[in-house]
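Protein chains: 2
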Amino acid sequence: MFVQGLGTMADKSAVAADENWHLAKGWRFAGEACGMRGDQGRRDMALFVSDAPANAAGVFTTNLVHAAPVKVSRTAITEQGGKNFRGVVICSGNANACTGAQGMADAALMRDLAADAAGTPRGSFLVASTGVIGRKLPMDRVRSGIGAAGKALGPAAGHLAHAAEAIMTTDTRIKVSTRRIEHPRGAITLTGVAKGAAMIGPNMATMLACVFTDAPATPEQLRPALTSAVDRSFHCVSVEGHTSTNDTVFVLANGLAWPADAGQLDAPTLGQFNHALEEVCQDLARAIAEDAEGAGHLVVLRVKGTADEHAARAIAHRVAESALVKTAVHGADPNWGRIVSAAGYAGVKFREEDVCLEVDGIPLFRQGEPVDFDAKSVSAHMRNNRRLTFTLTVGEGPGHCTFYTCDMTEEYIRLNADYTT
Amino acid sequence: MFVQGLGTMADKSAVAADENWHLAKGWRFAGEACGMRGDQGRRDMALFVSDAPANAAGVFTTNLVHAAPVKVSRTAITEQGGKNFRGVVICSGNANACTGAQGMADAALMRDLAADAAGTPRGSFLVASTGVIGRKLPMDRVRSGIGAAGKALGPAAGHLAHAAEAIMTTDTRIKVSTRRIEHPRGAITLTGVAKGAAMIGPNMATMLACVFTDAPATPEQLRPALTSAVDRSFHCVSVEGHTSTNDTVFVLANGLAWPADAGQLDAPTLGQFNHALEEVCQDLARAIAEDAEGAGHLVVLRVKGTADEHAARAIAHRVAESALVKTAVHGADPNWGRIVSAAGYAGVKFREEDVCLEVDGIPLFRQGEPVDFDAKSVSAHMRNNRRLTFTLTVGEGPGHCTFYTCDMTEEYIRLNADYTT
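In order, the protein sequence lines correspond to chains A and B.
The first sequence begins at 28 in the working numbering and counts up one residue at a time.
The second sequence begins at 28 in the working numbering and counts up one residue at a time.
Just chain A, with the same shape it has in the complex:
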């Protein structure tokens, strides 16, 4: 009954060319260029529009310093009880953060312009931005970009690819994922799009993601589903541990998968929906880690044996944020000591003598003692595999998690040290 759609598409031409992509019903997409980014002609304004009112939920940055669009969208979802949304507008190149009262007015106007362009009621849009912080939005460009995007809207994979491109900042690839649930009342589709946590120059490390679905899900169903999916996906990715001012994840459900009289999601279907949402978010999260700025390796951390999932994630988070671990991976160095000791200061209790560590099934550390492995061949394995999975066991508990990060390279330093001055 549960049929997986295609996973993450790395290449926009592949997305555009693939006729088999099942996208969520009743959604149209556009991505146009309005000159917000320095490089002329790059798409930087995205519109996502539903043919019918959609329910919505959002997860936002926990940073105290958060951007105007975050404030505007959070308030809108709260005030409307998660109902009556018709779409999302996103610009890249300018984060509209640290911009004071003017920034708030600009974010609200951007929302209204998007609703006008889509021919939907004012107040029916959500808004997000990513890019340079501390600069006012160029509203003339925003206006012309939204106008152009409104005319370019369409339901095909090619339209989605344009929108996915328009939210990119330093991403090198678009990030899209879709999942389908077969159902007698009608197949339910979830289509997600994201931009990465990489950053360059004065840009912030903003992560944005939206999942558009035709599921007949209520706001009350969407909220816990999104919170749980984000916990198990975007909260399990660390590129450099900097929580941005603009991080935002939306889910919007327009209910068009089923006839209007078919009712809401029943419990088993809701379970499948939650699982599919989690998978879409995980696809996108993994794609973000893989496309991290200057990264040479995708690092998958599997932590097992803790009391609960929360504890496993705390350990994985510490390991993933260790510059020592990340540089060791870059150097193809099977340096178990850095990983084990990073786990040791995660604030989670375990016994040293229970700790085991493997990389892609090769034991490095077992029951608290180093394994006498062949360092040269393990290093060669690490050098030759772009994706490396470290499995860290710290006890016998049922808690576990999978976490994604990347290595830290000279290229990362160069990209992030380089300013426009």
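These aren't lab readings, by the way, just hints derived from the structure by calculation.
Because the structure is a prediction, the values reported are computed rather than measured.
Among the clues, some could well be false.
Same chains, same label: a pair holds when it works inside one copy or across any pair of copies.
[As the list claims (entries may be wrong)] Keeping only pairs whose Cα atoms sit at most 20 angstroms apart, straight-line, the calculated DMTMM-like set for lysine to aspartate or glutamate is:
| # | residue 1 | residue 2 |
| --- | --- | --- |
| 1 | Lys163 | Asp399 |
| 2 | Lys98 | Glu396 |
| 3 | Lys110 | Asp167 |
| 4 | Lys163 | Glu380 |
| 5 | Lys98 | Glu380 |
| 6 | Lys331 | Glu380 |
| 7 | Lys98 | Asp78 |
| 8 | Lys163 | Glu379 |
| 9 | Lys331 | Glu385 |
| 10 | Lys331 | Asp143 |
| 11 | Lys98 | Asp381 |
| 12 | Lys110 | Glu247 |
| 13 | Lys331 | Asp78 |
| 14 | Lys163 | Glu396 |
Place chain B on chain A using the hints.
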């Protein structure tokens, strides 16, 4: 009444040559080479010996995974109530961490060998190690090194310089600081030595520091004095945020500054002693940040206006550990957004509109809005000054702190990615 001695000495020949260095009375030092480190002839075994029984206190790594010498020394201080210590033995090149039961036996034997070499009772020494983890101590070399060091002991600045050199791993300079308090009953001197938090190859980021004094301080006086001094010095330094398996700070006081019948430290003198201990620790902590591996800039973070010191330190810690902030400094990029947003996820409440940021007195961000500064000239200032002070104000509270870190460079990545395989 309070006379500062010389600050941190960067150069061992300068320390050895300077006749004016007042070192703590009744202490002898030695640093010899026993071949523990790959590079032949480098000093790697240090002895610090008191002519009389000393009281002691220690602060140790909070990492759950901690080395055998940490366990041995912590137990010794507890069991002896902080009394009857005659010295400290430290080796570099091997951390004796993750070495199981054999490691515990080796650490205990190393202590005993040191006591034998100094002609003091067994159990009268504290022990620390730094270097590669997961390898057994080469006890034949430890034995010969301790023997040689026992014969080389002496009270001069040159002897101290040798000992300071012997605890170095990738440090490029020895780190020594001394302070003197004039007093009618006799001048009190505190002499500190440290090694840095930098690391290379498979070595851990261990920070070690010892302060030797002739003050007649009790264990009950030393414990809170050391905890407070460490909080305001070593806990205010971050090179890469990795808490090592071996971090250790000792203070030992032999009481020889005053005649035996002069009694203990009175309250005003204790206040001066605490202040001097804090200053010695701050000198050493700053020297560690300055000598961090691959660092191009020392970054001083002053955080002000929080409710208390703890909150100020939490913000400084977050900013200091942000790879984005550290790479921006390396690139001479006055990127206030990275600093302000790192402060925003420190878990400390403040209002965005109260935030101000300056670098060396140049305003970058004021009352929650960007200042229109000349980015080119500020960048030139940052490029041309090895030491940069950022002052971040987040409100009107009395809480403040000074925190030290360094920039993150391509050199850092190269050094840490490079393994011996």
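Tested hints:
Taking the shortest alpha-carbon separations for Lys163 and Asp399, only the inter-copy value of 13 angstroms comes in at or below 20 angstroms, while the best intra-copy value is 58 angstroms. Taking identical chains as interchangeable, the C-alpha atoms of Lys98 and Glu396 lie at most 20 angstroms apart only when they sit on different chains, with a minimum of 17 angstroms there against 50 angstroms within one chain. Taking CA atoms no more than 20 angstroms apart as the test, Lys110 paired with Asp167 passes in neither setting, with 30 angstroms inside one copy and 75 angstroms between copies. When the C-alpha separation of Lys163 and Glu380 is checked against a cutoff of 20 angstroms, the pair qualifies only between copies, where the shortest distance is 17 angstroms, while the shortest distance within a copy is 55 angstroms.
Only between protomers do Lys98 and Glu380 lie at most 20 angstroms apart by alpha-carbon distance; the minimum there is 15 angstroms, versus 48 angstroms within a single protomer. For the identical chains of this complex, Lys331 and Glu380 are intra-copy neighbours only, at 15 angstroms inside a copy versus 43 angstroms across copies, given an alpha-carbon limit of 20 angstroms. Proximity of Lys98 and Asp78 under a CA criterion of 20 angstroms is satisfied in neither setting, with 26 angstroms inside one chain copy and 66 angstroms between copies. In the homo-oligomer, the alpha carbons of Lys163 and Glu379 lie at most 20 angstroms apart only across protomers (17 angstroms), although the nearest pairing inside one protomer, at 52 angstroms, exceeds that limit.
For the identical chains of this complex, Lys331 and Glu385 are intra-copy neighbours only, at 12 angstroms inside a copy versus 45 angstroms across copies, given an alpha-carbon limit of 20 angstroms. In this assembly of identical chains, the alpha carbons of Lys331 and Asp143 never lie at most 20 angstroms apart, being 51 angstroms within a copy and 46 angstroms across copies at closest. In this assembly of identical chains, the alpha carbons of Lys98 and Asp381 lie at most 20 angstroms apart only when taken from different copies (18 angstroms versus 46 angstroms within one copy). Taking the closest pair of Cα atoms, Lys110 and Glu247 come within 20 angstroms of each other only inside a single copy of the chain (10 angstroms); across copies the shortest separation is 64 angstroms, beyond that limit.
In this assembly of identical chains, Lys331 and Asp78 lie within 20 angstroms of each other by CA distance neither inside one copy nor across copies; the values are 44 angstroms within and 52 angstroms between. Taking the shortest Cα distances, Lys163 and Glu396 sit within 20 angstroms of each other only across copies (11 angstroms), while inside one copy they are farther apart (56 angstroms).
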